[in-house]
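Q: Chains as they are written, first to last, in the numbering used here: chain A, 302 to 631; chain B, 51 to 505; chain C, 63 to 345.
It is worth saying that the hints were derived from the structure and are not from the lab.
We put the CB at the ideal spot given by N, CA and C, even for glycine.
Wrong hints could be hidden among the right ones.
To be verified - Here are some of the chain C residues that sit facing chain B, going by a computed Cβ distance under 7 Å:
(1) Ser71
(2) Gln109
(3) His111
(4) Phe139
(5) Gln282
As the list claims (entries may be wrong) - Pairs of lysine to any residue residues, derived as SDA-like cross-links and limited to a Cα-Cα distance of at most 25 Å, are as follows:
(6) C:Lys122 to B:Lys494
(7) A:Lys523 to C:Ile335
(8) A:Lys378 to B:Asp179
(9) C:Lys173 to A:Pro441
(10) A:Lys616 to C:Phe175
(11) B:Lys459 to B:Glu249
(12) A:Lys313 to C:Val182
(13) B:Lys136 to C:Leu278
(14) B:Lys381 to B:Ala223
(15) B:Lys491 to A:Tyr460
(16) C:Lys173 to A:Ser592
(17) B:Lys136 to A:Tyr460
(18) B:Lys300 to A:Asn370
(19) B:Lys172 to B:Lys384
(20) B:Lys278 to B:Gly306
(21) C:Lys332 to A:Lys616
(22) A:Lys523 to C:Ile88
(23) C:Lys76 to A:Ser592
(24) A:Lys313 to C:Ile335
(25) B:Lys323 to B:Lys459
(26) B:Lys494 to A:Leu397
(27) B:Lys300 to B:Phe248
(28) A:Lys612 to C:Glu289
(29) A:Lys435 to C:Ile88
(30) C:Lys332 to A:Leu397
(31) B:Lys459 to B:Asp201
(32) C:Lys200 to B:Lys459
(33) B:Lys278 to B:Gly200
(34) B:Lys484 to A:Tyr459
Take a look at the letters that make up each chain.
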Amino acid sequence: MKTKLKGISYSKYGYLFSIPFVVAFLIFTLYPTIYTATLGFTDCRGVMGPDNYKFLDHPFEIFKSVLENDSFRLSLKNTIGIWVMNFFPQITIALLLTAWFTSHSNEIRCKGFFKVVFYMPNIITAATVAILFKALFSYPTGPVNDLLVSTGLRDSSYYFATNKTAARLIVAFIQFWTWYGNTMIVLISGVLGISPDIYEAAEIDGANGVQTFFRITIPNLKTVLLYTLITSLVGGLNMFDIPFLFLNGGPDRATLTTSVYIYNQAFAGSYLYNKAAAASMVMWVIIALCSAVLFFVMRDKDQIKLDKELKKAKKEAKRVAKGGADQWQW
Amino acid sequence: MKKALSVISAIALLASSVAATGCSKKDEGTTTKDGKTVINLWTFTDEVPGMVKKFMATHPDFDAKYEIKETIIPTTDGNYQPALDKALQGGGADAPDFFCAEAAFVLKYTQGDMSSYAAPYKDLGIDVDNEIKAADIAQYSVDIGTNPSGDVVGLGYQATGGAFIYRRSVAKAAFGTDDPATVSEKIGGGSGSWDKFFEAADELKKKGYGIVSGDGDLWHAVENSSDKGWLDGDKLYIDPKREEFLDLSKKLKDNGYHNDTEDWGDAWFADMKGEGDQEVLGFFGPAWLINYTLAANCGGEAVGEGTYGDWAVCEPPIGFFWGGTWLIANKDSKVKDAVGQIIDWITLDCTQDGLQYMWANGTLNGEGGTKDCVASGTVMAMSDGSLDFLGGQNMFDVFVPANQFANGKNLTQHDEKINSLWRGQVRQYTAGNKSRDDAIKDFKQEVADTLDIQS
Amino acid sequence: MAVVNKKASTYAFKIIAYTFCLLLTILSLFPFVIMIVNSTRSTGEIQSHAISFIPGSNLKANWNVLMGRGFDPFAGFRHSLIISVGSTACNVYFSTMTAFALVAYDWKLRKPFFTVIMAVLMIPAQVTSIGFYQFMYKIHWTNNYLPLILPAIAAPATVFFMRQYMIPSLPMEILQSARIDGAGEFRIFNQIVLPMMKPAMATQAIFSFVMSWNQLFMPQILITDMEKYTMPQMVSLLNGDAYRTEYGSVYLGLFLTVVPILIAYFILSKYIIEGVALGGVKG
Numbered sequence: 302m303k304t305k306l307k308g309i310s311y312s313k314y315g316y317l318f319s320i321p322f323v324v325a326f327l328i329f330t331l332y333p334t335i336y337t338a339t340l341g342f343t344d345c346r347g348v349m350g351p352d353n354y355k356f357l358d359h360p361f362e363i364f365k366s367v368l369e370n371d372s373f374r375l376s377l378k379n380t381i382g383i384w385v386m387n388f389f390p391q392i393t394i395a396l397l398l399t400a401w402f403t404s405h406s407n408e409i410r411c412k413g414f415f416k417v418v419f420y421m422p423n424i425i426t427a428a429t430v431a432i433l434f435k436a437l438f439s440y441p442t443g444p445v446n447d448l449l450v451s452t453g454l455r456d457s458s459y460y461f462a463t464n465k466t467a468a469r470l471i472v473a474f475i476q477f478w479t480w481y482g483n484t485m486i487v488l489i490s491g492v493l494g495i496s497p498d499i500y501e502a503a504e505i506d507g508a509n510g511v512q513t514f515f516r517i518t519i520p521n522l523k524t525v526l527l528y529t530l531i532t533s534l535v536g537g538l539n540m541f542d543i544p545f546l547f548l549n550g551g552p553d554r555a556t557l558t559t560s561v562y563i564y565n566q567a568f569a570g571s572y573l574y575n576k577a578a579a580a581s582m583v584m585w586v587i588i589a590l591c592s593a594v595l596f597f598v599m600r601d602k603d604q605i606k607l608d609k610e611l612k613k614a615k616k617e618a619k620r621v622a623k624g625g626a627d628q629w630q631w
Numbered sequence: 051m052k053k054a055l056s057v058i059s060a061i062a063l064l065a066s067s068v069a070a071t072g073c074s075k076k077d078e079g080t081t082t083k084d085g086k087t088v089i090n091l092w093t094f095t096d097e098v099p100g101m102v103k104k105f106m107a108t109h110p111d112f113d114a115k116y117e118i119k120e121t122i123i124p125t126t127d128g129n130y131q132p133a134l135d136k137a138l139q140g141g142g143a144d145a146p147d148f149f150c151a152e153a154a155f156v157l158k159y160t161q162g163d164m165s166s167y168a169a170p171y172k173d174l175g176i177d178v179d180n181e182i183k184a185a186d187i188a189q190y191s192v193d194i195g196t197n198p199s200g201d202v203v204g205l206g207y208q209a210t211g212g213a214f215i216y217r218r219s220v221a222k223a224a225f226g227t228d229d230p231a232t233v234s235e236k237i238g239g240g241s242g243s244w245d246k247f248f249e250a251a252d253e254l255k256k257k258g259y260g261i262v263s264g265d266g267d268l269w270h271a272v273e274n275s276s277d278k279g280w281l282d283g284d285k286l287y288i289d290p291k292r293e294e295f296l297d298l299s300k301k302l303k304d305n306g307y308h309n310d311t312e313d314w315g316d317a318w319f320a321d322m323k324g325e326g327d328q329e330v331l332g333f334f335g336p337a338w339l340i341n342y343t344l345a346a347n348c349g350g351e352a353v354g355e356g357t358y359g360d361w362a363v364c365e366p367p368i369g370f371f372w373g374g375t376w377l378i379a380n381k382d383s384k385v386k387d388a389v390g391q392i393i394d395w396i397t398l399d400c401t402q403d404g405l406q407y408m409w410a411n412g413t414l415n416g417e418g419g420t421k422d423c424v425a426s427g428t429v430m431a432m433s434d435g436s437l438d439f440l441g442g443q444n445m446f447d448v449f450v451p452a453n454q455f456a457n458g459k460n461l462t463q464h465d466e467k468i469n470s471l472w473r474g475q476v477r478q479y480t481a482g483n484k485s486r487d488d489a490i491k492d493f494k495q496e497v498a499d500t501l502d503i504q505s
Numbered sequence: 063m064a065v066v067n068k069k070a071s072t073y074a075f076k077i078i079a080y081t082f083c084l085l086l087t088i089l090s091l092f093p094f095v096i097m098i099v100n101s102t103r104s105t106g107e108i109q110s111h112a113i114s115f116i117p118g119s120n121l122k123a124n125w126n127v128l129m130g131r132g133f134d135p136f137a138g139f140r141h142s143l144i145i146s147v148g149s150t151a152c153n154v155y156f157s158t159m160t161a162f163a164l165v166a167y168d169w170k171l172r173k174p175f176f177t178v179i180m181a182v183l184m185i186p187a188q189v190t191s192i193g194f195y196q197f198m199y200k201i202h203w204t205n206n207y208l209p210l211i212l213p214a215i216a217a218p219a220t221v222f223f224m225r226q227y228m229i230p231s232l233p234m235e236i237l238q239s240a241r242i243d244g245a246g247e248f249r250i251f252n253q254i255v256l257p258m259m260k261p262a263m264a265t266q267a268i269f270s271f272v273m274s275w276n277q278l279f280m281p282q283i284l285i286t287d288m289e290k291y292t293m294p295q296m297v298s299l300l301n302g303d304a305y306r307t308e309y310g311s312v313y314l315g316l317f318l319t320v321v322p323i324l325i326a327y328f329i330l331s332k333y334i335i336e337g338v339a340l341g342g343v344k345g
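Given only the sequences and the hints, what does the whole structure look like? Please build it.
A: As structure tokens, this is what we get:
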């Protein structure tokens, strides 16, 4: 990774090319985030709140009340529960499909068609999905209920929307159904990035499909898996659209996720901006911790590479500092 | 590098040009290209915009000077209030000059957190006290629209006192007659208790009919007949009549007196067509429910089609009211007089050229439109509420006396949210998922958690 | 013997695989079929049986209701298109640029910058929404498409994806030889790097376009001028009628909303079929 040619330093372009990102980030993400974060330490609430608030005498008062809040705790449990229920089938099926569609020994015909079709649920707006599933599971007459009764599986209609477990399962299913295609596409991209040489070598060694998948594909898929895990974790812990639109967090708070909780605090009713902000920050810490754990678990190979890069970067930095005629001032 | 700069500057230019189109109208008293002054109207359905169009059509002088820009944001996704609040606070050219608020949240804008934005009607050039007297406006509408310092800041155009709206054919089959007086007698009309209603439910059940579609039908009657609202000071208060709803709902469900539908759900609409599991006797509701919901979902448009013409209204066991829309002007509006003219025409004009007369007689968009009860008693007295949909019955005979039960004393600004939490817990209790005490306990917890209202 | 066994197991595998894929296909196409069928049925028919595979004869009536409600699909398309194309272009172009900065150059803050990007990725959307929304109101950027387009410039997930793709597939030698030919860095990026990144950009473009096209929460709060409504906002208007929902026309509206993304998707889908090679492992 040489970036120097005839003594000219190109490092300034690294900064230059990051400017748009940094500027947009500062304006549209960092400023609002810091603004939100500070609200958690203030008495900002009510319609007039944002124009007129002051910092609390006990800065962590709001954080404490949020952490002790029954609904918040419940929403945290729900979020994690629903995410787990949706993520494991999702990654399993996505991996399975990835294995099938990239298999060298068992070519599946029409895989292009399948790949295109499987992503399609992801295209539809959450609002549409919510309407559709509401219609599907409606009570006392709805397609699912009609089916259950007419096939004799049940004597009478079942009220899916009042049963907590059923509601959670349906939400998890919807999440799974909308995202498995997306996950699959990313995973296939990862597998295609693995050098064919490795597979050839494995084939010569007489490894069968299953062995190849577990011994070669999975280990080499680590960075992409990490990407999938992180984005899915972040997306899952921020799950909002479906739980909100499908049953608005109900029945009996069974599908109340933390994002719905935050939304309700901030926008639906009393405008408890400070509580919503504190809950948001708590969520961020939780997500960051979970991600850190994931990074740690999946570190090994990457770590070594990163260390190497770090060393090189340090060397580079020293060299630049010494000769820096063309240095970009930050 | 030069190219990079030129691209960046091009983007910046583009950005500023887009921004310019968005911000150029920041000056107060916006005018359009043809020199008209813009009046911003914010609402959640196309009902009031329709009225305003009529106003413009009948007032050419006004039409020549002003243009209405309407913003409609449905309440269903919960976005209307946040957006309206922000727009009121933000001010500027996009701020509403006047806006609509529904019964479920109107108090927030007339007496609650946002009431400081409401302009008293008298500042709009309306001689409000005298006009209210002349038009004989329903007292509850005035009560709800009066701010803490005693000024009227909002009025509605409807009167939403409720009745029991029933199917004639079901009544005939079950009670042998479809006469409103007899049916009212059967369900305990005006008795102030639910006892006779449940006796009737039992009688209907034996003949294979339900009495209502779901517990939501009963809820609106219970909610707005209670003595007090959800709040006592800043504490949550559960009125005994509202708490009793738990038992009423359970009784309905356990005995199969209804089809267990949810209001505004598909199955609820199906019952209006008589296509539910069992046919149901009727629904509780004000006049608007007949014209906008029952008529629209009865499966026909003339007598003999669907359940059209098979309906009648009678006095409910307990008097109540449900819904209504209030019009409120922004105190920061630069066109107060113009807004005042529109509001006056909609809420207080009791002549035959005023909105309320057309609204009551269904002539807003020509003859044969939907009829509705209006807030002005004067207008009601000169209007005819006979409907083919009700088999020729004059619904005003029932709804006018019903309006006396409407009062603004049991509303709070958080009703929409609290009601949905309460209904959710009631549903859990009636479905047998938790005990009565747990339902109440969880309800209190949810209210405290979402609204920071302790009990 | 072994060969026969293998053949049998291959057959079994194929049957299982195809059955499973067929099942998922039905599951995936199901909502589209329902949308199309229901957009031809009357509200009454839909209310009594929401799911049916037999088209009705109400398409025209539904279309008229849609039109009568101030639903102007062409204006909606135009607005949604401006937002989606703008934000997708910003997202893909600037993310690639940022990834390029991360991969091709050695700079002091590279590592911390990457860490920051990863941290940004984890900020829940709800966190920034409160502040974002207050901010936009303060600078009067309401009824303006910019706040829906410009934030796409800083899209950490896309940067991450692009970086992963670029590490193995962008040979530094090409950059070097271009430099020797006297090409400026910016030209190298636009004329050499961008074309090489096309497959990855297409995949991300699909993801980004879909997300932008479907968003409702932010437009609903920031765009209040009905003349500037986006497609999903218009549909939510239909759905939000206080007295009665015209299901037939709602479905028609939903279907109309999905058509442009379907077209965009099918155009770009060749990259999904071919697949994008992505990974940190070099050959």
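Q: Given the hint that Lys313 of chain A pairs with Ile335 of chain C, does the C-alpha gap stay at or below 25 Å?
A: 38 Å, violated
Q: Does Asn370 of chain A lie within 25 Å of Lys300 of chain B when you go C-alpha to C-alpha?
A: 30 Å, violated
Q: Regarding the pair Lys616 of chain A and Phe175 of chain C, is the alpha-carbon distance no greater than 25 Å?
A: Measuring from Cα to Cα gives roughly 18 Å; hence the hint holds.
Q: Holds or violated: Lys173 of chain C with Ser592 of chain A, Cα cutoff 25 Å?
A: 17 Å, holds
Q: Are Lys300 of chain B and Phe248 of chain B close enough, with their CA atoms no more than 25 Å apart?
A: Distance of about 12 Å is within 25 Å: holds.
Q: Given the hinted pair Lys200 of chain C and Lys459 of chain B, is their Cα-Cα distance within 25 Å?
A: 37 Å, violated
Q: Using the nearest Cβ pair, does His111 of chain C come within less than 7 Å of chain B?
A: 9 Å, violated
Q: Would the hint linking Lys173 of chain C and Pro441 of chain A be met if the CA-CA limit is 25 Å?
A: 58 Å, violated
Q: Could you grab the alpha-carbon distance between Lys459 of chain B and Asp201 of chain B and see if it respects the 25 Å cut-off?
A: Holds, at about 17 Å.
Q: Measure nothing beyond the straight line between the CA atoms of Lys278 of chain B and Gly306 of chain B; if it is 25 Å or shorter, mark the hint as holding.
A: 30 Å, violated
Q: If you draw a straight line from the CA of Lys136 of chain B to the CA of Tyr460 of chain A, is it 25 Å or shorter?
A: Since the Cα atoms of Lys136 of chain B and Tyr460 of chain A sit roughly 39 Å apart, the hinted pair is violated (cutoff 25 Å).
Q: Given the hint that Lys278 of chain B pairs with Gly200 of chain B, does the C-alpha gap stay at or below 25 Å?
A: 21 Å, holds
The structure fails to meet hints 1, 3, 4, 6, 8, 9, 11, 14, 17, 18, 20, 21, 22, 23, 24, 25, 26, 28, 32 from the earlier list, while all remaining hints are met.
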